[in-house]
Each structure stands twice: as C-alpha cells, then as structure tokens.
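Visitor: Sequence:
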Amino acid sequence: MALSQNYLRRQDTRRRVMFSALLECRGVTQKVRVADFSPSGLRIDQTQGLAIGDPVEISLAPGLKLKGEVAWAVWHKAGMKLLKPLSEDDAAYLFLAEQANAIERARTLALVAIAKERGRD
Numbered sequence: 092m093a094l095s096q097n098y099l100r101r102q103d104t105r106r107r108v109m110f111s112a113l114l115e116c117r118g119v120t121q122k123v124r125v126a127d128f129s130p131s132g133l134r135i136d137q138t139q140g141l142a143i144g145d146p147v148e149i150s151l152a153p154g155l156k157l158k159g160e161v162a163w164a165v166w167h168k169a170g171m172k173l174l175k176p177l178s179e180d181d182a183a184y185l186f187l188a189e190q191a192n193a194i195e196r197a198r199t200l201a202l203v204a205i206a207k208e209r210g211r212d
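Residues 92 to 212 in my numbering are what the sequence shown lists, from first letter to last.
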C-alpha cells in the first residue's frame with residue numbers, strides 16, 4: 092500500500108504560499124495555514140483531526156472558497172485534493188498566484204540585499 096500512495100502525489104507544479112485560511116470539516120471550522128498550491132490541490136499546515144477522504148471546504152479570503160477532500164494527513168499537515176482543478180483564470184487561482192508572487196518577490200529582494208552586503212565586504 093505504501094508504494095501506491097506515491098501515485099497519489101500531485102503531478103502539477105507546486106508554488107509556495109504562506110497565509111491563514113479557515114477550513115471546515117464535518118461542521119467544525121479551524122484556522123489553518125496554506126503552505127503551497129497547484130491547480131489540483133493545496134498543502135495545509137496547522138490542521139487537527141483530519142482523516143483521509145474527509146470532505147473539506149477552505150475559505151481563502153472572504154467570498155473565496157474551495158471544496159475538496161483530504162488526500163493525506165500526517166500530524167498537523169494535510170493535503171487537500173480539489174474537487175474541481177483550478178484554471179489559470181479562476182479567481183481562486185489568481186488569488187493563490189498573487190500570494191506566491193509576493194513570496195517570490197520578497198525572496199528575490201532578500202537575495203539582492205545579501206549579495207549587495209557581501210559585495211561591500
């Protein structure tokens with residue numbers, strides 16, 4: 092069974108994000124942190140009590156919700172498989188891409204600052 096679990100991995104490219112969201116499962120809402128995304132799913136951190144196959148709904152921002160199911164869960168982390176994959180013009184995809192772009196810009200600025208600082212030495 093462990094080998095077959097590898098085939099469940101998302102094949103789409105993942106992009107790193109880091110923001111809080113609300114996850115609803117079985118009538119219970121919890122605050123979670125979205126760690127990465129692809130068109131087919133999300134990795135969610137700071138989760139509690141999720142099991143493989145649980146139906147979930149995540150609120151990324153006011154009025155911006157996605158439905159899916161738990162694909163895997165280990166300790167306080169889980170993978171959410173979206174019921175409907177996101178297209179690049181989907182409002183949720185655009186929101187997630189902007190979150191990822193902000194992280195990538197911050198990383199680039201930090202690397203430039205480090206390079207400039209090292210160039211002065």
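Treat each hint with caution, since some may be false.
Once the Cα atoms are required to be at most 30 Å apart in a straight line, the calculated DSBU-like pairs of lysine-lysine come out as [stated by the list, open to error]:
id	residue 1	residue 2
1	K156	K172
2	K172	K158
3	K207	K175
4	K156	K207
5	K168	K156
6	K158	K175
7	K122	K172
8	K168	K158
9	K175	K156
10	K207	K172
11	K122	K207
What the hints contain is simulated information worked out from the structure, not anything from laboratory work.
Visitor: Each hint should be assessed against the structure and marked as holding or not.
Guide: Results of checking the hints against the structure:
| no. | hint | result |
| --- | --- | --- |
| 1 | K156 <-> K172 | holds (14 Å) |
| 2 | K172 <-> K158 | holds (9 Å) |
| 3 | K207 <-> K175 | violated (45 Å) |
| 4 | K156 <-> K207 | violated (42 Å) |
| 5 | K168 <-> K156 | holds (19 Å) |
| 6 | K158 <-> K175 | holds (8 Å) |
| 7 | K122 <-> K172 | holds (18 Å) |
| 8 | K168 <-> K158 | holds (17 Å) |
| 9 | K175 <-> K156 | holds (12 Å) |
| 10 | K207 <-> K172 | violated (42 Å) |
| 11 | K122 <-> K207 | violated (39 Å) |
Against the hints set out earlier in the document, violations occur for numbers 3, 4, 10 and 11.
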